[in-house]
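Chain residues, written in single-letter form:
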Amino acid sequence: MSDTFTLDGKTISFTEGQTIMQAATDAGVYIPHLCYLPELKPHGSCKLCTVKINGRETSSCTMRAAAGMVVESDTEEINSQRRALIHMLFVEGNHLCPTCEVSGNCKLQATAYHLGFMSPQFDHFFPIRRVDASHPDIWLDFNRCILCSLCVQASRDVDGKNVFGLSGRGIKSRLIVNSKSGKLADTDMAVTDKAAQVCPVGVILKKRTAFKTPIGERTYDKKPISEVPDTPAKER
Amino acid sequence: MNTNSIQPEGITGVVDRVVARWRHDPTCMVQILREVQETCDWLPPEAIDRTQELLGVPRTSIEGVAHFYSFFYTQPRGLYRILVSDNITDRMLGNMALLDRLCQSLWVEPGKVSEDGLVSVDTTSDTGMGDQGPALLVNNYAVTRLSEARVDEIVDLVRGKVPLAQWPADYFKVEDNVRRADIMLGHALKPGDALRAAWGRAPAAMLEEIKRSNLRGRGGAGFTTGLKWEACRNAPLKAGQQRIVVCNADEGEPGTFKDRVLLASHADLVFEGMTVAAYAVGATRGFLYLRGEYRHLLDSLNGVLERRRQEGLLGKGILGVPGADFDIEIHLGAGAYICGEESALIESLEGKRGTPRNRPPFPVTNGYQDQPTIVNNVETFAAAALIAVHGGDWYASIGTKQSAGTKILSVSGDCERPGLYEYPFGVTVRQVLEDCGARDTQAVQVSGPSGVCVGAGEFDRRIGFEDIPTAGAFMVFDQSRDMFEVARNFVHFFQHESCGFCTPCRVGTSLLKNMMDKLHKGLGSRFDFAEIEQLNQLLKATSHCGLGHTACNPVLDTVAKFRPAYDQRLRRQDFMPAFDLDMALAEARQMTGRQDSGAHFKTEFGEG
Ligand SMILES: Cc1cc2nc3c(=O)[nH]c(=O)nc-3n(C[C@H](O)[C@H](O)[C@H](O)COP(=O)(O)O)c2cc1C
Ligand code: SF4
Ligand code: SF4
Ligand code: FES
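In the order they appear, the protein sequences are chains W and B. Numbered by this note's numbering, the letters in the first sequence go through residues 1 to 236 in order. Numbered by this note's numbering, the letters in the second sequence go through residues 1 to 608 in order.
Hints are computed from structural coordinates only; laboratory data are not their basis. All values derive from a computational prediction rather than experimental measurement. The C-beta atom is built at its ideal place from N, Cα and C for all residues, glycine as well. Hints may contain errors.
Stated by the list, open to error - Which stretches of chain B does chain W cover? Using the computed rule of at least three CB atoms under 8 Å from a CB of chain W, they are:
1) 47–59
2) 491–498
3) 503–512
What the hints assert, rightly or not - Covered stretches of chain W (chain B as the covering partner; in silico rule of three or more C-beta atoms under 8 Å from a C-beta of chain B):
4) 83–90
5) 167–179
With the sequences and hints as input, model every part of the structure.
So this is what it looks like as structure tokens:
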């Protein structure tokens, strides 16, 4: 059985239990998002996917679709809120795109381009964060973590390992690793784990692959993020 | 209540004992860590190792919890851990000068541990003693009515390493300060009265009575209690599930302290209300989630529960009726305002980080461990017990049309008689001010930082869901107060308490705090108002829960109503950079201990 709602005036059909995000994705309509991946349980924390349903803002990745909903997404009002959220994510971490090895493959950067993010508005926090190079095959650069929790879920729900977890509170929230030493080398993480493929930014990096694909030929160099379906990074 | 020694058990022994006491149940993680810390003074790595071994959970889920709650320490914090309550009302009573005095006498910097490892001193969010501040917590026990003399005595006790149990009992005395009692604070019910009245009806009829009373939740949102209970009662149970009743005693909204008094002096009424609820919805398990700041109430509350079990008012076969089973367990919080939000509270009850859940589904269908759950405020349950005895029509006849019954206000700030005032709904702000002996009042912050700031022109407005809804706080500010500093204190509160789950609130509350601090230092411009307005829109529109939705309220309210307080801080009309040469020297001044004029480039605006 299939019902419909409208998204920016376009009729979208959905099946019982689908979220607005899922139905929109199936219909080929892009709603900006960072903490959502089709194969994982929605987390609902980045708020980039905020839409207006019958005039009220809601996260489209967690809200179930219902027949007759009137959903707005690609409006100047909402996009300017999304730009502010993107900017918040930039200032709370340390993102130096020109020197970052995932530049061009990064969803944060690509979403910023898509939304036409330009002038900086907020002052940077310049937090002091660590890098963990202990693992033979994987780097962790926490400077870029946006706390989307995708790696936490992938490790727990797909890999069955619990390598990552969230810790701290408020602006001091941070990602931690499941070992006494706090080092990735002391976990059972493998480079083939799902958790190593899901990071939307440049925190979980495979060693010795950094500039294999030259800048300019990367995923979002070629196509805007709105036209690239969500696939694991290794397939990009 | 002790600065304990872990001998002869050793850390492993302590953990073994505590984990066994909590049934090896990882959902009791917050309670386990709390009790381990009560003995060990902090959470040493060996304690975390052992907890992990015994519970078999990922280490991240222990560390994630330990680092979420303000009262857990994964670094040594001394035998005496002093936290000075830092609500605006404590500030008005001079808590900062007392903090300085404490730190200087003890040779310790705020936020740090003394070099000998004996004591740490820091600030904490409002501890719920607004009627008898300034207040502090020492090893989570409340000390009230601080004065210079009391601070000096505390310094001597700490230096002499006197165990907390031997400190003068007077320090820990918490007064009720009931100034006006009505149907609730003046009730004459005896334990069991409400239960017998409830059991005299069928459960569905009891629920009807609650619906007829028009009772609405007292925790702030004002949801109709009867509808919530009905939804829980009608929610289907899966195999092995039961319905759950949770009493929200997190009372974290700064300026609120009425639940403290209800639990200190009317605990039977509250537990009775919970049991009436259990009867009406068909629940068999209950929790009281008590804020960590009210540690001093825990033992007596457990005593009341035990007495009720012995009297046949709780446990198996209540009132001798076979199958009438309901019991209550108390969980203590550990310094996290967000755990007052009902879904975060449930996460905390499950032993996790207190982050609000995605809703729907709501707790009434998918609450504690995915079971149908009602969460209600302490005062709501107390009202339910009264309704069981006197009936719904009686209750609905008190107060106003949309706001049935009475409301207990926690009055603090600039007035002669701070304390609790219970009124039928509909009372004017002016009446309350008159009764509490407030003079020259400039403003009242109703319902705490997330509520509204009421200016002098609005004192004829009424307390009630029709006009000014409130969770109970009523903070009075006279003409001498700087309303900008009030707002800045509240903004600091929200920044400290944001759980960090969602982007807008995690980052937005920090941005807002930075802006208010910039204005405070005289570095603000009109440009910042536009920025604050924009942030407000963003937080209202995109935040995950009520904390983010209301975090900008105090600033917007005071900008709208007390603009001169802001204007006097503006140096220039437009953009001002956040960098200031003199400020940049602050760290050097702190290191050298200099505050003389030669250590400054120019005079700063005064603090406070
Ligand atoms: C940030 C936040 C903090 C809250 N703190 C409390 C609290 O301390 N006590 C309380 O009863 N309700 C608090 N609430 C409201 C609860 O989520 C919930 O609505 C309430 O406990 C329901 O009980 P009631 O219907 O009896 O009011 C808070 C809500 C939010 C968003
Ligand atoms: S490391 Fe990457 S995937 Fe994990 S929480 Fe941070 S940003 Fe998300
Ligand atoms: S609004 Fe604030 S407190 Fe609420 S979920 Fe988001 S970060 Fe946490
Ligand atoms: S994608 Fe929906 S909140 Fe992040």
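Verification of the supplied hints:
1. With a cut-off of 8 Å between beta carbons, the region 47–59 of chain B has 3 residues touching chain W; three or more are needed, and the interface restraint holds.
2. Check result for the region 491–498 of chain B against chain W: holds, 4 residues qualifying (beta carbon to beta carbon below 8 Å, three or more required).
3. Look at the region 503–512 of chain B against chain W: 8 of its residues bring a Cβ nearer than 8 Å to a Cβ of that chain, three or more, so the hint holds.
4. Counting residues of the region 83–90 of chain W whose beta carbon lies closer than 8 Å to any beta carbon of chain B gives 4, which reaches the threshold of three, so the coverage claim holds.
5. Counting residues of the region 167–179 of chain W whose CB falls under 8 Å from any CB of chain B gives 11; the rule of at least 3 is met.
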